[in-house]
Amino acid sequence: MAAWRFRHPTALAVVLAVAVTAAAPAALPAEHAAPASAARTAAAATASGRYELVSTVDPTRPMRWPACRPIEYRINPTDMPSGMVATVQHAMGVVARQTGVRFRFAGRTAHLFDSTNHAATPTIYIGFTNRAHAFGQTFGGTGGEVGVGGPAASWYRSGGRTVEAMTYGRVLLSSRFRAPRTGGGVSWQSLILHEVGHALDLAHQGGPGTIMHPSLTAATPAQFTPAEVRALRRVLQTSGCDDAAWSRL
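Letter by letter, the sequence shown follows residues -26 to -1, 1 to 223 in mature numbering (1 follows the signal peptide of the UniProt record, and there is no 0).
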């Protein structure tokens, strides 16, 4: 039987999430102090180091996505702002160009953020909510989140060998977030890149001029930094993928 690991507030195990908010300075912990125009991301307490999930065999390396074939992403259109599909596709194109990995838009889905079923191929699920409270998260307003995301992985042992891999990633974005669609800074593009970074297994890391920094500010770039690209390439397996073994996860 396959075992599951998550990062995010869910009863099933261990997934991580990232949240972005336009909180006022007084509402932020001192170590996250930022201007009122900044957006803050808050990692789950289980996050450690550069990656959200590490290998069950070798904890010095991250759990990996099989990326010999395109990784699919699907969008749940519920509460989605108008025209957002093109924005998501633009952001995923940035990830593809920077990593050399193919990401394929596989259409719409009814998959919810707390769903544990997944497609027959590695998939990132992207959804939206206009609610103030959804899936254990508080969205919008002072101290509220504008996005959350994280990876899920599975593994099993067979013949003395451990088979392990990422199975899917999930992202939930607040449709009440008001920001430019593209570019760097406090924008939808930066938000999507940040949350997809978590879904792909990156943890909070780096200074204000990075995508995975805990705060989205005017200094946030429109793409991952070279160090972040190297980290992404570590979690994206582009050769030697065992699709048959993955299908059992």
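Read the hints as simulated data drawn from the structure, not as lab findings. Here a beta-carbon is modelled for each residue, glycine too, at the ideal position from N, C-alpha and C. There could be a bad hint or two in this list.
[Stated by the list, open to error] Here are the simulated distance ranges between beta carbons:
(1) 216 with 193: 40 to 46 Å
(2) 213 with 134: 21 to 27 Å
(3) 208 with 181: 17 to 23 Å
(4) 79 with 208: 35 to 41 Å
(5) 155 with 218: 23 to 29 Å
(6) 80 with 196: 38 to 44 Å
- Query: Can you name, in rising order, the numbers of the hints this structure does not satisfy?
  - Reply: 4, 5, 6
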